[in-house]
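Starting from the known structure of chain Z, arrange chain Y on it as the hints suggest.
Note that the protein sequences, when read in sequence, are chains Z and Y.
For what it's worth, this note's numbering labels the leading residue of the first sequence as 1, then goes sequentially.
For what it's worth, this note's numbering labels the leading residue of the second sequence as 1, then goes sequentially.
Honestly, the hints are just simulated from the structure, not real lab data.
As the structure is a computational prediction, the values presented were derived from the model and not from experiment.
Check the hints yourself; a few may be wrong.
Computed list of chain Y residues with no C-beta within reach of chain Z, every gap over 12 Å [as the list claims (entries may be wrong)]:
hint: 1; residue: 78
hint: 2; residue: 91
hint: 3; residue: 153
hint: 4; residue: 193
hint: 5; residue: 204
hint: 6; residue: 215
hint: 7; residue: 305
hint: 8; residue: 429
hint: 9; residue: 546
hint: 10; residue: 547
hint: 11; residue: 618
hint: 12; residue: 696
hint: 13; residue: 724
hint: 14; residue: 764
Ranges between beta-carbon positions, derived for each pair [unchecked claim]:
hint: 15; chain 1: Y; residue 1: 155; chain 2: Z; residue 2: 99; range: 21 to 27 Å
hint: 16; chain 1: Y; residue 1: 544; chain 2: Z; residue 2: 57; range: 50 to 56 Å
hint: 17; chain 1: Z; residue 1: 165; chain 2: Y; residue 2: 218; range: 48 to 54 Å
hint: 18; chain 1: Z; residue 1: 176; chain 2: Y; residue 2: 353; range: 22 to 28 Å
hint: 19; chain 1: Y; residue 1: 541; chain 2: Z; residue 2: 171; range: 50 to 56 Å
hint: 20; chain 1: Z; residue 1: 340; chain 2: Y; residue 2: 179; range: 23 to 29 Å
hint: 21; chain 1: Z; residue 1: 171; chain 2: Y; residue 2: 704; range: 54 to 60 Å
hint: 22; chain 1: Z; residue 1: 288; chain 2: Y; residue 2: 155; range: 44 to 50 Å
Ideal Cβ placement from N, Cα and C applies to all residues, glycine included.
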Amino acid sequence: MRPLALAVLLAAGLLAWWLFSPRTPPPSDAPGIGDILGGAPEEGFERALAPRPFRFPADHGAHPGFRNEWWYFTGNLQTDRGRRFGFQLVFFRNALAPGKADGQSPWRTHQTWMAHFALTDPGAGRFHAFERLSRGAAGLAGARPDPLEIWLDDWFLKEKDGRWRLYAKEKGFSLSLSLSPRRRPVPQGEAGLSRKSAAPGNASYYYSVPRLRAQGRITLDGRAHRVSGLAWLDREWGTSALADDQAGWDWFALQLDNGADLMFYRLRRKDGGPDPHSAGSWMTADGRVTRLGANDVRLKVLEYWSSPRGGRYPVRWRLRIPSLDVDLKVAPVMDNQELDLLVRYWEGAVDVAGVQAGKPVRGRGYLELAGYGD
Amino acid sequence: MKTLLWRASLRYLGRHPWQTGLSMLGIALGVAVVVAVELANESARRAFDLSMQAVTGRASHQIIGGPAGLEESLYARLRRQGAAPLSAPVVSGHVTHGDYSLRLLGIDPFAERRFRNFLGYAPDGQGEGLLRQLLTRPGAVLMSRTLASRLGLRVGGSLELLVSGRKRQAVLAGVLHPPPQKAAAMTDLLVADIATAQELLGRLGRLSRIDLILPEGDRAAAGAVEALLPAGARLTPAAARARAMQEMTRAFAVNLSAMSLLALLVGMFLIYNTMSFSVLQRRELLGTLRVLGAGRRDILALVLGEGLLIGAAGTALGLLLGVLLAQELVQLVTRTINDLYFTLGVSGLFPTPAGLARGALLGVGGTLLAVLAPASEAACSPPRAVLDRSRIEGRAGRLIPSLAGAGAGCILVALLLLLPGRSLVLGFVALFGLILGFSLLTPAAVALASRLAAPLLGSLLGVFGRMAVRGVRASLSRTGVAIAALSIALSATVGVGVMVGSFRLSVQQWLEATLRADIYVSPVTPSNTGNEASLDPALIAAIRSVPGIAGISQGRPANVQSGEGITHLYAIRMARGSYAGVELLEGRPGTVWPLFDREQAVLVSEPYAYRHGLHAGDSLTLDTDRGRREFRVAGVFRDYGADHGVVNMRMSLYRQYWDDDSVYSLGLYLEPGVDADTMVEQLYALAGDRQALRIRSNRTLRESSMETFDRTFAITNVLRLLVIAVAFVGILSALMALQLEKARELAVLRATGFTPGQIWGLVTTQTGFMGLLAGLLAIPLGLMLAMLLIHVINWRAFGWSMDVILPGGVLAEALLLALAAALLAGLYPAWRMARTPPALALRQE
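Okay, chain Y solo, but in the shape it has when bound:
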């Protein structure tokens, strides 16, 4: 009996390759997106770990200082006091070579033995020679052979580096052959002696940090080290620092994962649709099997098995597609992290079995979940009833109110979930609850809409209109699902579209308000390494004396420690014109600015205030070079520049507490009548070969900022398109199923004199109606999603507030997309129906 059942089942699947293929594709796409995002996130995390590991080595602790690093004599003091026998000084920084952003790691080979093992990767017999070169040859660097061949360098060749915009010559003293598992972490690493690193990076007398290996749990050892530390230097577990940096990207990763789950959800609708269709279509077969003695259990197993088969095949395909997709996604993710957080030199895909397994589990599990309902439906009906098609629809119809009730409950719970706390994950749970609730409400909405639309369409299109609409209502068990799937996908695009649009406009307005200066000057550096770079003081002096400049603001970004975290500090000497550019969200200008300009006070950005629960009048603690100090929060300002928040401090206050007088950027205010573009040219000429500068007029800076913004959301758009692709497959398969099922009905129509053109019209009207309905339903859900994304998700993830701006385009786009998808999906069934001679279709009876 079992084999018979399976043969029947396989034959059915085989005879409906389109159905089977499409639902497989739907699951595959869903799984692919989940897996790809999972892998991309994982890879970014792993890349971060690897690149940290390569430079942290086996250090258990690190001594770190302020933005200017540590005074180097601290290291000798530690060694000569015997406080840290296992310690290694490090001078590191980012440099560029051509288009490549590289990390330069300066080490003391004599102290490295227990920390890192770079020279151990020297080709056999060359270690001693490399060591000698490293120590005695100025500019000598080592790199992995992979990097050397990527840069097209040969041993002995010179290598021009751009450090903070200044040209430096290095020499490739030798290549290292790291084992494969270590090679990835070294793809952007230049290893040099600490003296060379100080010289190349222009950091004479300073250390970036001191790595330590302290006996585990030995408080006394840590205490002995701490006793020698000057104010501003601190001992911290090596892992804590990495964690703090990684924490910054968490919200970003969660957002991506949520997007990917959406794709899977849509995929699940699809498989539900397919399976319930297949159950309906085979009602005769299943009924016969039941009559022949197949048990409920057998039928249940059969349908579940089929679903599992499709799900497993789709999942397998999805895993494959996911890995391919991840190759692209990881680039986007890495670029975004580089744009927003820190320079992630290591890139590449690191597929982990865990990531793949999670994807597989979600795929198969989601499929089973989706198949459960149709399977139990098939199994639970008595033998004869299975034969009765209309009974099912009837039952579906009776189910509508309870579904709608469940949906309304779902939405209510989702909204209630939003009430407490600031949990981002809970925000997403609510988001999904909202979506689920809406989709449960969809059948009711469809029923209602078709009841309302039938007379309308009837008066417009006559009997066709009424037939089309009634057809939708008559097969509600499937049309409802198809419409729900499409409208969820569309609502996601509406929601995300509105969110991105609002965000974009807010950023644009903010940029316009904030960027007050006419020209901005900064050295050429890899993105997010501004805190390492500085403008040549002589050049600043030269710029100062250029005629036509009315005022200059100066900025210096710095990362400083605050408790266990890193605070992004922006020291600024404001020009007269700068004040108006700061939009205060808390505090009044009349009280804020005197505090900021004269007292021990700072301004914090909105995300910073949100993250740290700060308000105007509170105070925050920062670790300065003079020790731990409190600063009063004068006000909160709007800033979309950094999602982890930023603290603005006046330059003179910064210099009072940190030994750092470098300036990273200038804002130039021109005298009236001076042309910005001409001035830019003039400044480039002035800088000449001294320092490679990025000199941008207000307009170009604004444009490039918007470019970065758009780049950041490129990945969101990609995911959005993927969700639509899954939904499109869904509606296509649903409509095809629907129309193919109606083959007989349509054949009867043909036989009673309907022309192929009229059949076309009927099918197209029907699918068009469904598309329109999906689009219309998507709009309220989409708007709700947008509100949720803006006011809950964005706020909880980043602490950004923004106004909701309703771009009409997005809504129209959603409607159009819905119509187009539906019409397109109706094309093939309509064509097929119109073409099939009625006799052929009727003969199946």
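The following block holds chain Z by itself, in its conformation from the complex:
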């Protein structure tokens, strides 16, 4: 569910401001996240109405008939000497209008792309975030299923010899990883159909590849580090929006040392309560998947972090799943992992510690907190 609103944002609101105002703050009448998440999508786009089987590699590619889509890579890395890093590289696709664009120019398209690249360096207490935008035409940005390639400028995911290469670069910073899936893609929601509200069609197709072995190199402030670790891919496409009474979400992607992975998103209502469409899944090493509903997971905020740019993010949590006898504490590797980009949100590397069925478990993961920045 989570980054849906980010992509919706691409279509509405602040984009024009971002594109054309290099140094001025957004106008005070700019729409807030809540305003943007409302609003019905335009007619003419495809909708996610019923479950459908996923086919690979085709479904790793783009689904331009739907309004929004993303490829969301996050992961925890470390050097041989144990120095920790977190990374996020995400490609968003957003269609400004349904259908194919009229016109003969190769630049003509309705597809727009945005990408975010962030590195967490808890040892130095530094967090770096960058973004790129482009049209999905003229070879500047796009997605191809076979061999898989998703790119925006010189940031890309590329398949070669059965492996994925993930790459992003900014002045002084870079990420270059080789990723190999340890798990098959797991359909989320109802066999891949993830409902966002009671309204039919307000849903997306959603699968995750919760465990990817990552190996490669990152550069921070011009210094390169060899790293390895675990990454996570979240894929989603649809033509949906938050319901009027929804305010934001908290998303967890946790990889535990007993081989289990947990994905859970909690949709928050404007009145502060949880939305019944919150959902997730518990994925064990042997491939079993347990769907989790809103009532299966108990969440408690342990601590907030106040952003110097405004807003208060719940960064420490206690997460319990009574039905699976899971009790975990989730804590960020550093507090300030807020991306102050076109959209402001918090997305960062976390540590997990707790017990399952009386046995201690530890793990790492990523946490996304949206809708707090206003």
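Same frame as chain Z, now just chain Y:
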């Protein structure tokens, strides 16, 4: 004492309002012309900067290609290699809407953030909507609200554009509200998404350029970009390109400035005249003041102060007049630049404090300079001598030989200055030296002429004639100056007239020789954008099969890079009849044409050869789409079409080196007996709605070319008239001073029995004699100026050679003008003298 002096001075000025007013007017006119030209030049330059700035934005570098632009995949390659994170593609071109010539700028909004800020000018809250429209609505364009209201367009309204003669529909997706300081640069700008621009301009797959922001001084970054460039594309600092374009208009601006300085010079003569007159007239007063104890310094300060007062008032008036005049001049300048150099969409007056200050400085400084001589004369004479009028004239008379010597020296130095080099500015310095020298020689010439003329006029008109002529000689200190002022002004008209006349005739002859085809066909485009336009290939094929056409030549103008500059290339497929139209100045037809037709050789025009120091047999380097290549210069040909020069290349050679197969113009040779006008009609019918064409018969093209020529010199004519106006004021004031001063003398004549009619005759003869003298003196100087303008200035500024043709009309005109001005100027004094009862005039004693 000081206040007393000043009161005396002010009272004098007040009691001679005509004198004071006229010299003020003279300075005002001079300053006005200088300021107007300065402002017009400055405004044209600023308009150019602004219009460049609007489209260049904050780019530090640009990647540019050949005439067909860049292959668009280059941009994606740069981005995907990460070689230029700050880069923005641009597709731009000129279009017309009705009578308006507009620039269409196609941008990629996603790459624009750091370059230009057009969408930032969207009305509050509309930015996102405009962006969406820009990207998703075919034909969507944005413009400033000023332009929208000028074109009478509303948001959502459609807008028909003519692109290279083809109709295209655009939609006004929204208006922008740029801040005032940015608005001027956007008065001719349509902003569109790059896809829309490609579609509207018919440039699918191509980019006009890629803008870059590279870290300052980072050679590695530039190197990384250059490593990815294909042959024919090059990385260049953004400012260099603008400079190269601006450089083309430099000679034009220098010429205008020189013309304007001439007006000021004439104005300076005028104020000199006035001030020396006032000193002479007040000799009694000044003498008395000296006797009363006023020091030399006081007198000097007094006269200088008066001059300064008049000069300052005249300058103030001149600044005002100059700004008004500049409004008109800037139109002329802009039009000329559009005709000759490039389309300058932005127009309007941008008065700069610097321009006004320069005008003011010149006005006041010139006045002081002019007043210095009379002031020191007044101050240096001993108290009693000031009273002595004839002493001054006597001294002036004794000064004649040394003045003449100085004048001759001046002319000699001026001519020596011409010897070395090709400096245009030095050419103008020599020009002014010549003028100065001549004016210093004028008193001697006047003295000589009146000595010679006195017996002649005496025998013709009796005592009147002799008196008239002797009167001129007797007041040489002022008549000399007045005659000099008038003859300088006249010589300027003679010089410029002869130059323009010779030029015009040369162009006419050249057009007749060059335009060999019977009919010329090209798409309708804003002037000077032919390199962006092309004829529909299907239409060319259709024209080819029209019966009655014996041969077709094809042309394609293109701007290509050569070193740091831009070379105007003209690719031509010659028809059999075309060869005879090329007048070779270097190289023989027997050797030139085989080279041109078969080898890697080109022909260069005379200005091009001059500018680049090329001769037949040399070679020149051009940046082609295949990389840098050398071309042999087969010959030099006469061409008045482009002052920055042109390189002619055969079409097949051009296409071998540049990826561009468009054709801009056709020259049709008709079979004998086919009527050109009928064929023109037929071709218009053939083109129909496919493409708006300009189809002109040989005669109409020749006529419209001459129209452009005349338009170009319209500004010269305006300046010429202004110089004459200043001189006229000068002679008027000089003659009035002279005659009014003679009031007593004339009164004595009246008292001794002269009739008013005889007084009329005397005054008229005198002024007529002066006018005639000025006219006669103006002719040799004018001819010398003409030679200088043609052989030095024109050659150095543009590289054009031409024959000097002496139009008798110009000379006669100058004489007539001189006589008329003088007689007209004598009218009022004569009338006044004739009317004043002698008793009244005598009573002043």
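Problem set entry | Beyond 12 Å from each Cβ of chain Z, as asserted for residue 764 of chain Y | Since the minimum Cβ distance to chain Z is about 74 Å, residue 764 of chain Y lies beyond 12 Å and the statement holds.
Problem set entry | residue 288 of chain Z versus residue 155 of chain Y beta-carbon gap, inside 44 to 50 Å or not | violated (59 Å)
Problem set entry | residue 429 of chain Y non-interfacial with respect to chain Z [C-beta, more than 12 Å] | holds (48 Å)
Exercise. Minimum Cβ separation between residue 696 of chain Y and chain Z greater than 12 Å?
Worked result: At about 33 Å from chain Z, residue 696 of chain Y clears the 12 Å cut-off, so the statement holds.
Exercise. Does the claim that residue 305 of chain Y lies outside the interface with chain Z hold up, using a Cβ gap greater than 12 Å?
Worked result: Holds: least Cβ distance 55 Å, greater than 12 Å.
Problem set entry | Given as non-interface: residue 547 of chain Y, which should sit over 12 Å from chain Z by C-beta | holds (36 Å)
For this session: Note whether the CB distance of residue 171 of chain Z and residue 704 of chain Y lies within 54 to 60 Å or breaks it.
Result: holds (56 Å)
Exercise. Taking the minimum C-beta separation from residue 724 of chain Y to chain Z, is that value above 12 Å?
Worked result: holds (54 Å)
For this session: Mind checking the hinted window 21 to 27 Å against the Cβ distance between residue 155 of chain Y and residue 99 of chain Z?
Result: holds (24 Å)
For this session: Indicate whether the distance between the beta carbons of residue 541 of chain Y and residue 171 of chain Z respects the range 50 to 56 Å.
Result: With a Cβ separation near 53 Å, residue 541 of chain Y and residue 171 of chain Z satisfy 50 to 56 Å, so the hint holds.
For this session: For the range 48 to 54 Å, tell me whether the beta carbons of residue 165 of chain Z and residue 218 of chain Y fit it or not.
Result: Violated, since residue 165 of chain Z and residue 218 of chain Y (Cβ atoms, about 28 Å apart) do not stay within the stated range.
Exercise. Closest CB-CB distance from residue 153 of chain Y to chain Z, is it above 12 Å?
Worked result: holds (22 Å)
Hint check: violations occur at hints 1, 2, 4, 5, 6, 17, 18 and 22; the rest are consistent with the structure.
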